[in-house]
Amino acid sequence: MRETDTLIKVEDLRVSFFTPAGEVKAVDGISYALGYNEVMGVVGESGSGKSVEAYSIIGLLQNPGRVIGGSITFEGEDLLAYTPEQMRQFRGNKVSMIFQNPMTCLNPVYTIGDQLMEALTCHDKSISRQDARARAIEMLELVGINNADKRMDQYPHEFSGGMRQRAMIAMALICKPKLLIADEPTTALDVTIQAQILELMKSLQKQENTSIIFITHNLGVVAEICDRVSVMYAGKIVEQGNVNDIFYQPLHPYTRGLLASMPRLDEDAHERLIPIEGTPIDLLNPPKGCNFAPRCKDCRKICLREKPPYADFGDGHISACWLHFMEAMNKGVGAE
Amino acid sequence: MNGNRQKLIEIANLRKYFAVGGGIFSKKQYVQAVESVTFDIYKGETLGLVGESGCGKSTLGRAIIRLHEPTSGKIVYDGTTIYDSEAGTAVPMLPYRRKMQIIFQDPSASLDPRMTVGEIVGEALDIHKLYPGRVERRERINQLLDEVGLNTEHANRFPHEFSGGQQQRVGIARALAVNPEFIVCDEPISALDVSIQSQVVNMLEDLQQEMGLTYLFIAHDISVVRHISSRIGVMYLGSLVELSESYELCNHPIHPYTQTLLSAVPLPDPVKSRARQRILLEGDIPSPINPPPGCRFHTRCPYATDACTQSMPALKEYAPGHYAACHKLDGQ
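Here the protein sequences come in this chain order: S and D. Note that the working numbering has the first sequence beginning at 116, numbered continuously upward. Note that the working numbering has the second sequence beginning at -7, numbered continuously upward.
These are computed hints drawn from the structure, not numbers from a lab. Accuracy of the hints is not assured; some may be wrong.
Below, computed lysine-lysine pairings styled on DSS-like, alpha-carbon distance capped at 25 Å [said to hold, decoys possible]:
#	chain 1	residue 1	chain 2	residue 2
1	D	Lys264	S	Lys317
2	S	Lys422	S	Lys403
3	D	Lys264	S	Lys321
4	S	Lys124	S	Lys317
5	S	Lys265	S	Lys293
6	S	Lys293	S	Lys321
Partial selection, computed: residues in chain S whose CB lies under 10 Å from chain D [what the hints assert, rightly or not]:
#	residue
7	Leu195
8	Ala310
9	Glu314
10	Pro390
Just so you know, even glycine gets a beta-carbon here, dropped at the ideal spot from N, CA and C.
Please work from the sequences and hints to get the whole structure.
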């Protein structure tokens, strides 16, 4: 990818939560670049830091969370140096976010229309009320809400779960942001509604050329919508690559384990699942070596001592595991 | 097909309505959570139940073991009628609770935070007066914890000291304590992380093998249900729309709703999932308080005709062991 095609670049980002029990390194040195018109999936279990990473981009980290290192560059500008006022202008205008639970994110005492128009008038003080309303109706129609004119004056409780998520998407896209962060947007929905929302997001993405960071734990959803995938485990990206590489040539033991442990609708016969043994690590007391080592079937001595660096397999496919270096050494070729 | 297999549970026309409203200003209405469901569960099998939220699958599971008293219908357990609204039969459940147990969805909410794990598992033994001796009781608890992959020293800890996956193991140990024959697994893995889900699924399969258990496995994730079940029932808005052997159901679904449900499941395979044609449904599930007349699916069904709005289709056998309730299938 050429440098000019990069929309957002995250380098060695570190986010810690300073809790009374000690420092929790929720995000521990992650780097990636996202291009224009690209959809990147971030997969990981709960507590892997996938949401925290997104919150730090949009400046919504809450106490006791703090960015303690690294940089986030959006179209050449350093986001971490923004003042709160600059951040407020940036948020919603250039980057917006869809959250997991649409009910808790909509204000129950304002109509859907008011909330949509507020997003517009916040960023464009000169827009007239009529224009804002017309634009909001247009947006609701775009996300497939019928009777948009009437729906504008209804309250969130009058909408069903799928409809609320559509309204959230309309609200996120109303200022035509360049980057949309979707934090588990379909997890709270039923599969048939999830299918509707995914189709909608795919078509809107093509139409509006928005880049999307799609955070989820569902590998099926990732396969469907993403161009590139980052797999996170315990605050680190363990493997990153384009969607076909991740699903057809997974390299990191964690990615392989995840894929092998899922029951698949397209399997031909009953195959026993191969689970990843053990439980996710306690981030208060992370291990000295590789974070995945305590659960890894191929764990070696070095894995317990030192954190593995990334091995590059070309075309942006990287994986952090000592095994790659050992394999390379056995073959007598350098891994780089 | 199932002629030589013994029926463990037979349910017929089971209904469960919940009353809502009925105050001074509002009319009493009923949520028709489960509407005339009929099926059998065979000994040693796993029957999966799938459907979207609010389709009544959990209510049905609880009504079968009478955690919810059914509104009407008939339940036969191992040849004995335990509930029959027409004959007015409703036997005391305590002896049957030793045979029928349940695992709940949210492990942290279903364990008493003020009891230790040993007390939680042991409570079932006390209620049914099993293993009265202190040493025996202690041994039984340890044996149960061992069976679900926990250590004996875990017996003295409280639920909050465990991760979600371990809490669910405690819930399973509690269900196993009385040596049941039949367990209702009500979304036992949906609250767990992906890498933990497969551990619990494998454990449930092993326990079934060892103890000859029969499961009613309720979940909304059809990939998991297909993996663990021998037969699958699909529910929509309170009624059973299709029931079949699980691979048959997933490979040759005949009810339009099952077809939609299967096409909506995201596949972890980028090429396949992008190549396939999806059936997208319009709109949302109607309210179970005023369900649509006739076939409950007709408001969203792409094939709906006038007949569908008038009468509710009955569950019929279209191929050996493959049942469905749809008017469209009668016309063929």
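Hints, one by one, checked against the model:
1. Lys264/D with Lys317/S: Distance ~16 Å between Lys264/D and Lys317/S Cα, so the pair holds.
2. Lys422/S with Lys403/S: 7 Å, holds
3. Lys264/D with Lys321/S: 20 Å, holds
4. Lys124/S with Lys317/S: 23 Å, holds
5. Lys265/S with Lys293/S: 29 Å, violated
6. Lys293/S with Lys321/S: 12 Å, holds
7. Leu195: 31 Å, violated
8. Ala310: Because about 4 Å separates Ala310/S from the closest Cβ in chain D, which is inside the 10 Å limit, the hint holds.
9. Glu314: 6 Å, holds
10. Pro390: 4 Å, holds
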